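Sequence lines, in order, name chains A and B. Each step along the first sequence adds one to the number in the working numbering, with nothing skipped, and position 97 is 97. Quick note: to get the working numbering, add 221 to the position in the second sequence (first position is 1).
In case anyone wonders, no lab produced these hints; they're calculated from the structure. All figures in this text were calculated on a predicted structure; none of them were measured in a lab. Just to be clear, a hint being listed does not mean it is correct.
Reference excerpt, derived from the structure (chain A facing chain B, CB under 7 Å, subset only) [said to hold, decoys possible]:
1. Q104
2. P146
3. L181
Part of the chain A face toward chain B, derived, beta carbon under 8 Å [claimed, not checked]:
4. I77
5. F97
6. I98
7. V99
8. P103
9. L118
10. F159
11. N161
12. N165
13. A168
14. Y202
15. I215
16. D218
Ideal Cβ placement from N, Cα and C applies to all residues, glycine included.
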Amino acid sequence: MKRRDSIKAILVGTVASSVLVDACKTADEKVNASTATPASTIDRTKEEAEIEAKLMAETFFSKHEMATIAVLSDIIIPKDDVSGSATEAGVPDFIEFIVKDMPQHQTPMRGGLRWLDLESTKRFEKAFIDCDSKQQIAIVDDIAYPEKAKPEMKQGVAFFNLMRNLTATGFYTSQIGVKDLGYMGNTPNQWNGVPDDVLKQYGLSYTEKELKECISFDKTT
Amino acid sequence: MGDFQVKVQPKTYDVVIVGSGAGGGMAAYELSKAGLKVCLLEAGTMYDPQKNVTQLKGPWESKRRGASTKHRPFGDFDACYGGWELDGEPYTKEKGTQWDWWRARMLGGRTNHWGRISLRFGPKDFKRRSIDGLGDDWPIGYEDVKPYYDRVDKLIGIFGTNEGLENDPDGFFLPPPKPRLHELFIKNAAIQSGVRVIPSRLSILTKKIESTTERGACFYCSQCGRNCSVAKADFSSTNVLIYPALKTGNVDVIANAMAREVLTDKEGLATGVSYVNKEDLNEYQVKGKVVILAASACETSRLLLNSKSPRHPNGLANSSNVVGKYLHDSTGAALGGYLPTLFGRKKYNEDGVGGMHIYSPWWLDNKKLDFPRGYHIEYWGGMGQPAYGFGMNIQMLNGKYAVAGKQKEAGGYGASLKEDIRYFYGANVGMAGRGEAIPLESNYCAIDPDVVDQYGIPVLKFNVKWSEHEIKQAKHMKETFKEIMHNMGAVITWGGDDGPENSYGLETPGKIIHEAGTARMGNDPKKSALNKHNQAHDCKNLFVVDGAAFVSQADKNITWTILALSMRASEYIVSELKKGNL
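Chain A extracted, bound-state conformation (with noise of 0.2 Å):
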């Protein structure tokens, strides 16, 4: 991503990233249909439907690769008092998938990855899964606040941005994750306009043309 669409795409969450997956490179190669999972619960077009079969039936990320995005995920999202923990929300799932059908981020996390293993081996002489918390946090501290972590550290906060990423993302966009954020859209309802109490919060008020021309409905209902 360009550095303007990813500012962009921070908070936009309704507007698709810029991002275009070349995902036809390899959809000459047969897809294997005993290996395709549950149809899915969205349109998708014959060629759409291969190309995710195909991609579900690979796998990309070793065990011990999984096992370290699972805790890495949920020390970016853990539990707390709102809701549950990135792998609750099955985010190590998503990364796996993304991934595969974004192969852009394929090196920068294998790479990243492997990094934190040598820096943890470095450090305590164990793989970053192997660590204590303690060690483990002694180490996420170091990568995690891109404006003052050393300069010898920046490919870990590379990487750590791009996990960040991809744990929030897929966070946020799970069912979990969007009762968190508290959106209450994407179901049917009739919009009244602001609140009232909003309104009030904010010291706006609907004009006597916007109330008489616009849309009401009874809010006793």
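Fit chain B to the known structure of chain A by using the hints.
Just chain B now, with coordinates in the frame of chain A:
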């Protein structure tokens, strides 16, 4: 391979229509209702909004959480099959020129996902040359189209308000929805800068309409881009025109039919269309008394240019040599950011309709400006449904603004990160201009002499450049947007640092997907391809009812005018057939 032969469809139709979007859908509807036998060719697949559903799905139902793909560049839930690049169907560009070509490949075309912004052209929009000396006047005026706009309003349904504006005519409007919270801030900020803000005009039913019992009222899920499978409350050619037309029993749809050529007889009249079936790859011909092209402006001109015959050696309807020329798109430029006032806002459902509830029609006088023609402004923001990309790059935000009164270090993780994402959610605002470009003879598409697509059909080569008029317009857009953002205390995070080096963020031509002008109307057969009835000067039983017929496209999205002109041309066809003139 083996035996290569052309199969001729046994049935002769009254009308063969190429393309099933706004123009083709309206023609199929009107003509089939009038009792004519219609064959509708579509280059893409069949699509039934009642079966092919993405509406009311949660982001988790997409494996990529709504991210775009090559097959759905506007996101995984978008209802339109097609894209900027299609396998096996290339197009080329002259070196140093730009054109991004969107092609839908499905029944109903791009109307299945469009923005539903439904603006009538005003009286001035048909007579621009008389006003500023640039481009050309249309051979018709607002008064000629008004009765059809009125009928389209009532047939299809649109919300908005009658404001009595000279060049943004009143219509038959359903009540609009009330502005959302960020829209109230935008409205006040824009008015402060002298920018007019009025309720948007979208073809979405806020109430049921009298013309049909098949369609329900909007239930405010904000997902018109997914096409309204549930209530058919927004306009798509499929829900509103084609499926109702099929019920007459007078329409045969042939999907996956890539038109190759318009067939003509030795008198030069159209006799039908030849096409390749993309499924069985066989060659077919379908015969009709009248042929109507509505394949999208560029595909239509490609088809005309590829239909060469002894009577039409320069391509069909092209003795004027204007086919492919005067290609133009809307101008577009945008910026966005955050409204810090809205950080930590109360959460409630503000989905509303699929699109903006307010907009700004062009409000200035070009005599006082350094560019001709205007633009309208579209706005967005607020608490939308999260999709891929949501929650990313928090490190660019959470070090800059205190979260609930607490200043944090940029980046981070854990419960604190969750708090930040919740806090910033719903505070984004943005705006985009959509303006009128000057149609130029030097901006064109033509047949590439060296390249064919996978069906052997010669492809288009584009040659389009923005002129200084459009660049100056984009500069003005950005200045206006910055002022509006400043007035409401918003922070610009993207699109704010454009300059002459990137033409002020002016989008590549084609990118706004309002292609028009490539077989324009006119009274002079030497300077136009079509007469004022969308009828080819050179071939009286050939009509073009998509954006190709446009002399200019105003600062109004062109769909409503395509629909009105297609309805008008259809009425003319019925009357001419009755008189025995076709």
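Status of each hint after checking the structure:
no., hint, result
1, Q104, "violated (12 Å)"
2, P146, "holds (5 Å)"
3, L181, "holds (6 Å)"
4, I77, "holds (6 Å)"
5, F97, "holds (5 Å)"
6, I98, "holds (6 Å)"
7, V99, "violated (11 Å)"
8, P103, "violated (12 Å)"
9, L118, "violated (21 Å)"
10, F159, "violated (13 Å)"
11, N161, "holds (6 Å)"
12, N165, "holds (4 Å)"
13, A168, "holds (3 Å)"
14, Y202, "holds (7 Å)"
15, I215, "holds (4 Å)"
16, D218, "violated (14 Å)"
In the structure shown, a violation is registered for the earlier hints numbered 1, 7, 8, 9, 10, 16, in ascending order.
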